[in-house]
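Protein chains: 2
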Amino acid sequence: MTTVANGVNVQALLEARDALKGAPEAAQFTWRASSKWQDGVHSTTTVRDFFGLGQEQSHKAESVFEADHPAVFAAEDNGITPIEYLLVGLAACLTAGVASVAQNRGIQLRSVESTVEGKHDIRGILGADSDVRNGFTDVKVTFTIDADASRQEIEALVAQSQKRSAVFDALTNPTDVTVDVA
Amino acid sequence: MTTVANGVNVQALLEARDALKGAPEAAQFTWRASSKWQDGVHSTTTVRDFFGLGQEQSHKAESVFEADHPAVFAAEDNGITPIEYLLVGLAACLTAGVASVAQNRGIQLRSVESTVEGKHDIRGILGADSDVRNGFTDVKVTFTIDADASRQEIEALVAQSQKRSAVFDALTNPTDVTVDVA
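Sequences listed follow chains A and B, in order. For the first sequence, counting from 1, position 35 maps to 35 in the working numbering; every step adds exactly one. For the second sequence, counting from 1, position 129 maps to 129 in the working numbering; every step adds exactly one.
Excised from the complex, chain A in its bound form (with noise of 0.2 Å):
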C-alpha cells in the first residue's frame, strides 16, 4: 500500500484506462480554443469547453491568454508570443507526468521544477532564408527534481514521463493541422 501522496488520484486513472480499453469512443476527445484579433499581431485567445468521454465538458472557470510580439518586432508586447505557449504546455505536460509516475511508483515528490528553452532562428518566419524552417530549431528541457528516490529513479520518472506525454509527441511527432476559412 503506496503512503505517497503527490496529489494524483492514480486510482481514478487506472480505472479509467481499463475502462476506455473496452468503450473506445468515449476516449475520443475535442480541446477547443477561440481567438480573436486585437490590433497589430496581438490576438486574445479563450478556452472553456471540450468534448469527451461521449458528451460536451467545461472548464470551471473559463481562461484567457494574451499573445503578442516583444518590443524588438516592433509591436506591442501585451502576452507573450505564440511559440512561447508550446513551450508553457511542454513544461506542464511532463511535470503532471512526473508527478503521476511518481504516484503509481509510491516515489514522494518534495519538488518538481523544470526550464525549458527553444532555439529559434527567426530568418524562417522572416522570410530572410528559405532554407530556414519556421519553427523551433530544437528544444531542451531540464529537470530540477527533489524526491524520496536515487537519481536513477528520478531520471526512470522522467522518462516514462516523456513516454507517455501529450505535448512532447505533439511537438517530436507531425500532426495534420487543416486551416480553412469559414
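These aren't lab readings, by the way, just hints derived from the structure by calculation. The model shown is predicted, which means the values in this text are computed figures rather than measured ones. Some hints here could point you the wrong way.
The list treats identical chains as interchangeable, and a pair is accepted whether it falls inside one copy or across any two copies.
Derived BS3-like pairs (lysine-lysine); straight-line CA-CA distance at most 25 Å [to be verified]:
no., residue 1, residue 2
1, LYS163, LYS119
2, LYS119, LYS60
3, LYS36, LYS60
4, LYS21, LYS163
5, LYS36, LYS140
6, LYS119, LYS36
7, LYS119, LYS21
8, LYS163, LYS36
Model the placement of chain B on the given structure of chain A, informed by the hints.
Coordinates of chain B only, in the frame set by chain A:
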C-alpha cells in the same frame, strides 16, 4: 502608398528581414519558460526573459500560466490542460500572420476570429492502447474574417500566414526535444 491601419509595423519587419540576411547570428533567438509543480498534475509556468538580436531581452511583464487536468481526469482543474496551450499558440500565431500579411498587402482588416479544434484519443496517454499516439489525432483551424477584400484574397492571406507560421511548422513537422535531469 498603403493607407491601411492594421497596427502591424511591416516596414520594421521588412527592414529586419534585410538586416538579418547579412547577420544570421542576430537571428538566433532562445525562448524560455520556467515551470514549478504545485500538487497533483497542477503546475505553474512563468515566461519573462528571452535571448535575441545577440543579447538578453525581456518581455515588459512576466506572464504566469496555470495548467492542470479537468475534473473528468480526477484532477482539480486549476488551469487548462497542457495540450490546450498548443491550440492557444496555434490560433495566436496564425492570427498574427493574417494581420501582418494583410498589412503588407494593403488589406484593411475589420475582424479576425478563429476556432481551433484538436482531436485527441486519450487511450494513448493512459497507456490503454499502444497503437494510439499520445498527441493530437489532428487539428482543425477555422477563420472568420471581415476585411476589405474578396474571399479569394482572404483565403490567400490565411494561406500565406500558414506558410510563415512558427507554430504551424512546430506542430506539423518534427522538432528535436531533449529532456534531461539536472
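Results of checking the hints against the structure:
no.	hint	verdict
1	LYS163 <-> LYS119	both (22 Å within a copy, 20 Å between copies)
2	LYS119 <-> LYS60	between (35 Å within a copy, 21 Å between copies)
3	LYS36 <-> LYS60	both (22 Å within a copy, 22 Å between copies)
4	LYS21 <-> LYS163	within (19 Å within a copy, 39 Å between copies)
5	LYS36 <-> LYS140	between (31 Å within a copy, 16 Å between copies)
6	LYS119 <-> LYS36	between (28 Å within a copy, 21 Å between copies)
7	LYS119 <-> LYS21	between (39 Å within a copy, 18 Å between copies)
8	LYS163 <-> LYS36	between (34 Å within a copy, 20 Å between copies)
The structure fails none of the hints (numbered hints given earlier).
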